[in-house]
Structures are given as C-alpha cells and as structure tokens.
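Chains as they are written, first to last, in numbering that gives the first Met the number 0: chain A, 0 to 233; chain B, 0 to 216.
The hints are simulated quantities; they were obtained by calculation from the structure and are not laboratory data. Any given hint could be a false lead.
Claimed, not checked - Here are the computed lysine to aspartate or glutamate pairs in the EDC-like style, where the Cα-Cα straight-line distance is at most 16 Å:
1) K30/A with E160/B
2) K84/A with E160/B
3) K214/B with D82/B
4) K104/A with E31/A
5) K53/A with E75/A
6) K171/A with E152/A
7) K64/A with D27/A
8) K84/A with E31/A
9) K151/B with D67/B
10) K111/A with E131/B
11) K104/A with E143/A
12) K104/A with E150/A
13) K111/A with D124/B
14) K151/B with E75/A
15) K64/B with D68/A
16) K111/A with E160/B
17) K99/B with E152/A
18) K111/A with E143/A
Stated by the list, open to error - Between beta-carbon pairs, the in silico distance windows are:
19) M46/A with K184/B: 50 to 60 Å
20) V178/A with A18/B: 45 to 55 Å
21) G69/A with D146/B: 18 to 28 Å
22) R77/B with E150/A: 37 to 47 Å
23) K171/B with N38/A: 55 to 65 Å
24) P100/A with A125/B: 43 to 53 Å
Stated by the list, open to error - Derived list of chain B stretches under chain A, where covered just means 3 residues or more per stretch with a C-beta under 8 Å from a C-beta of chain A:
25) 91-104
26) 141-155
27) 186-197
Backbone N, C-alpha and C fix where the C-beta goes; we use that ideal spot for every residue, glycine too.
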Amino acid sequence: MSDEEEDIILSELDDEELVQQMFDDLYDGLKEEIEEGVNILLERKWMPYDILTKALVGGMTIVGKDFRDGILFVPEVLLAANAMKGGMAILKPLLAETGAPRVGKMVIGTVKGDIHDIGKNLVGMMMEGAGFEVIDIGINNPVENYLESLENEKPDILGMSALLTTTMPYMKVVIDTMVEQGIRDDYTVLVGGAPLNEEFGKAIGADAYCRDAAVAVETAKDFMSRKHNQGVTG
Amino acid sequence: MTSNPALPDDETLTESGLAAEQRGSILLIACGALAHEILALKKLNGWDHMSLTCLPAKLHLYPEKITDAVVEAVEKHRDDYGDIFVVYADCGTGGQLQTKCEELGVQMVEGPHCYSFFEGNDAFDARSEAGEITAFYLTDFLVRQFDAFIWKPMGLDRHPELRDMIFGNYTKLVYQAQLENPALKEKAKDCADRLGLAFEYRFTGYGDLATTLAKHA
Chain A
0 MSDEEEDIIL SELDDEELVQ QMFDDLYDGL KEEIEEGVNI LLERKWMPYD ILTKALVGGM
60 TIVGKDFRDG ILFVPEVLLA ANAMKGGMAI LKPLLAETGA PRVGKMVIGT VKGDIHDIGK
120 NLVGMMMEGA GFEVIDIGIN NPVENYLESL ENEKPDILGM SALLTTTMPY MKVVIDTMVE
180 QGIRDDYTVL VGGAPLNEEF GKAIGADAYC RDAAVAVETA KDFMSRKHNQ GVTG
Chain B
0 MTSNPALPDD ETLTESGLAA EQRGSILLIA CGALAHEILA LKKLNGWDHM SLTCLPAKLH
60 LYPEKITDAV VEAVEKHRDD YGDIFVVYAD CGTGGQLQTK CEELGVQMVE GPHCYSFFEG
120 NDAFDARSEA GEITAFYLTD FLVRQFDAFI WKPMGLDRHP ELRDMIFGNY TKLVYQAQLE
180 NPALKEKAKD CADRLGLAFE YRFTGYGDLA TTLAKHA
C-alpha cells in the first residue's frame, strides 16, 4: 500500500464502495473498521440481515477461499474472524428483533479429550452468518453433553470437531450412542477437524465430513434443503 | 568407529530436512525435528548400517502434506536400501500415514506424535486418561525452534492479541527434555511465560524412540 494513499473515510463511501471496503477490512482483520462499517449501514437503514450476509459473510467467504487456497494462514483467518465477531455483536440482537430468516439450528462442540476450538468457532460463526441458530457447547464434551443438548435444544444438525488423531474416534462413540438410543436419524451429523477426512466421516456413520467452515455451511444448507423437500413431498 | 553425516542447523532441518548421505542397509526416513536424537542414538549404539534422511520439520505445520511427502521419499529411496523405516508417528495424519506405510510395506513408529513416544506411548496415554489434556508440549527441538515453529507461524510476532484465541484453552507448557540442558530449560520457561502458561519440566530422554529404533536395528 502506498504511503501517500489517503485515509479512507468510511462514511463518505457510497453503499457499494463501503461494502467493498468492508470486504478489504475483514480481509485485513480490522475489527474497529468493521464495527464502524456496520453502524454506518444501519444508519443508512440497511436491514441487519442484509449487512450480515452481503458485507460480513461475503467478506468472510473471500477469506475462507484464500485460506483453502493457501494464500491466507491461520493468524489472518483468526484476525478476520475477530473482526467479523465485532460486527456480529452489533447485529445479533437486531437480527432477532427484525425477524431475520432462520435456516435451521445446530448444536456444535469439540469432543471429549480435546480442547481445540478455533475451527469449531469459525464454523459456528459462519453458520450464524448463514442464518443458523448455533448452540455452542464448547470443548472436551463427553457423549452425555451432546445427548443433553440434543434433547434440550432439538437442533436440526449436530456438529462435532476434533483436532487430534487420538480424540477423533470419540465421534463414533457419540454416533453409536445415538444409534443405540434410536435418535441417530433425527439429526444430521456433520464432522470436521484437521486430521479427519471423508473416508473417516463415512466410516463412523456421520452424514458428512466438512473440510472447512465454508463447506460446513454449504453442506448444512444442502441437508436443510433436502429435509425441507422431504417434508414437502413426504 | 561410527560415522554420521554432518548435521545441518535447526533452521535447515525445519525448512529443508536432511539428504540421505550414506549407503547403509536400512534407511530411516524421519522428521527433521528428530534428526539430533536419531543421530545421537545411532552413535551411541553403533548403528552404522542405518542411514538417515529427514523431511523438513515444518511439514508439521501442514500435517495433510506429511503422508505424500513420506510416500515420495520411500519411493525415491526404496531401490537403494534393503529396508526402510519411517520415523514418524501418526503426526496428525488421521491414520493416513499408517495406511500408506502398510500399502508400501514399510513400518513406522507407533503412537500419535513425538510428544507421546518421547514420553512413552503407554505413559502418555495414562496421563491423557488422567486428564492431562490442557498441556502444550515442547521437545528439545521445538524449544530451540520455538520462534520459527510456533511464535511466527501463529502470527504472534505480528499480532500478540491472538495469543489467547490460540492458547486460551491450554493451562501449562510441558517441556519434554530429551537431554539435560539448563539453558534450554530456561528457554522453555521463557516460552511458557510468553504463551501465558504455567511451566512444567519433564525429562523423558529418548523414550520409545530408542526402543523402536533398537527393534529395527
């Protein structure tokens, strides 16, 4: 970037320019600028859901793509996520008030013995951005925690995350228990985490393995759409 | 008289690895992070029939690349040696490295990662079962390469505010020492301070690495 470049005054940009600038600011992980951009769009009477999907999710989609392509790395993604979180914090209460569409509900958590949550948090955030209600049950979850949340929250989707080769087999424990209790088919089960792969997902009886947050969102939407169609045709 | 190839510095082992320099009957294909320890065991035990080549240690930053890199190395060298032993544990490959090694007919180190086999897989399992899941581990190599391997790749040199997002769920740093080295112990303690974690020193020696290599010698 040139030193001679003038500071950009966000409020002086038109809507289209501002959204483009928010994409850049998300990419650069600039939380305060994202918060300012969200507030400006709200002042301009944008619907919170439109700000979320067009500015924030649109920007994070670019970040996710460049992460997948090896252009961005974990630190940059975390900074972008942190910036998006800032924008989401402003929008979240407004989304409920303005009756934003809800695509579905997901319970998500990292499995027993595993404390890693960067991927899980990213998935949760992107799912919220896509219109899902997300119940995050945190890290180190034994099967009882998952079952309790399924019972209490009645989600459409269960998401499980693991970063360790030693902890990923626990996902099968959860799924097997769901089968034993006769509730497996009541939910779509999505799994993810660095050491996992599609073959593993199939082997443990998950509905799908999601290699990153963007894929998780698309997969979740796809399952929700199938569920909806089943409801219509069935 | 034992002969070992000249060991490159840690930065080279991280970035480039170590080329196979000798012809022995057994080739060890190892992670660059284990070069010092393997050469020390070779020298100690007079395993002159074993040659060593190392892949870049930094592959651990992208575990999905480890399996292909090992397969490529095995295929490159297999005609030149009577036997090949892969000195990697699972190392975050989710069982894929094990599957490929079986397909290639070569053996590898048992266990999930070097933290486990340095401590001894059984002992490490027992600690995990007992609830040690919030420990961040460093070995001798990782203490020496802390900045290149952890601090910079995690962006903490540029964005210290990320520290708690990345390490917030950890409670302590366990330094698994392969050699007694007071200077390295001090450095490990400093690493713990920088990450905001409690510090624990645990001398492991070479653990299961020594017994595993002895079995294949």
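Hint-by-hint comparison with the structure:
Of the pairs offered as hints, the one joining K30/A and E160/B holds, with about 12 Å between alpha carbons and a cut-off of 16 Å not exceeded. Annotation: proposed proximity of K84/A to E160/B holds, straight-line Cα distance about 15 Å (limit 16 Å). For the hint pairing K214/B with D82/B, the CA-to-CA distance comes to about 13 Å; that is within 16 Å, so the pair holds. At most 16 Å may separate the alpha-carbon atoms for a hinted pair to count; K104/A and E31/A exceed this at roughly 29 Å.
For the proposed pair K53/A and E75/A, the alpha carbon gap of about 21 Å is over 16 Å, so the pair is violated. Distance check on the hinted pair: K171/A and E152/A sit about 21 Å apart at the alpha-carbon level, beyond 16 Å; violated. The hinted pair formed by K64/A and D27/A meets the criterion: a straight-line CA distance of about 15 Å does not exceed 16 Å. A C-alpha spacing of about 11 Å is found between K84/A and E31/A, which places the hinted pair at or below 16 Å, so the restraint holds.
Taken as a hint, the K151/B and D67/B pair is broken in the structure, with Cα atoms around 25 Å apart against an allowance of 16 Å. Note on K111/A and E131/B: the hinted pairing holds, with a Cα-Cα distance of about 12 Å set against a maximum of 16 Å. A C-alpha spacing of about 19 Å is found between K104/A and E143/A, which places the hinted pair above 16 Å, so the restraint is violated. A C-alpha spacing of about 13 Å is found between K104/A and E150/A, which places the hinted pair at or below 16 Å, so the restraint holds.
A distance of roughly 14 Å separates the Cα atoms of K111/A and D124/B; the hinted pair therefore holds under the 16 Å criterion. For the hint linking K151/B to E75/A, the alpha-carbon distance of about 12 Å falls within 16 Å, and the restraint holds. Annotation: proposed proximity of K64/B to D68/A holds, straight-line Cα distance about 14 Å (limit 16 Å). Distance check on the hinted pair: K111/A and E160/B sit about 28 Å apart at the alpha-carbon level, beyond 16 Å; violated.
The suggested pairing of K99/B with E152/A is violated, with an alpha-carbon distance near 42 Å, which exceeds 16 Å. Between K111/A and E143/A, the direct Cα distance comes to roughly 10 Å. Compliance with the 16 Å bound is thereby established for this hinted pair. Distance hint for M46/A and K184/B: a CB-CB separation of about 58 Å, consistent with the stated range 50 to 60 Å. Taking 45 to 55 Å as the suggested C-beta distance range, the pair V178/A and A18/B conforms, at roughly 51 Å.
A hinted range of 18 to 28 Å for the beta carbons of G69/A and D146/B is consistent with their spacing of about 22 Å. Taking 37 to 47 Å as the suggested C-beta distance range, the pair R77/B and E150/A does not conform, at roughly 54 Å. Between K171/B and N38/A, the C-beta spacing of about 41 Å breaks the proposed range 55 to 65 Å. About 50 Å separates the C-beta atoms of P100/A and A125/B, a value consistent with the hinted range of 43 to 53 Å.
Only residues whose C-beta sits within less than 8 Å of a C-beta in chain A count toward coverage, and the region 91-104 of chain B has 5 of them, enough to reach three; the restraint holds. Remark: the region 141-155 of chain B is confirmed as covered by chain A, as 4 of its residues place a Cβ nearer than 8 Å to a Cβ of that chain, reaching the required three. With 0 residues carrying a beta carbon less than 8 Å from a beta carbon of chain A, the region 186-197 of chain B misses the three-residue requirement, and the given coverage is violated.
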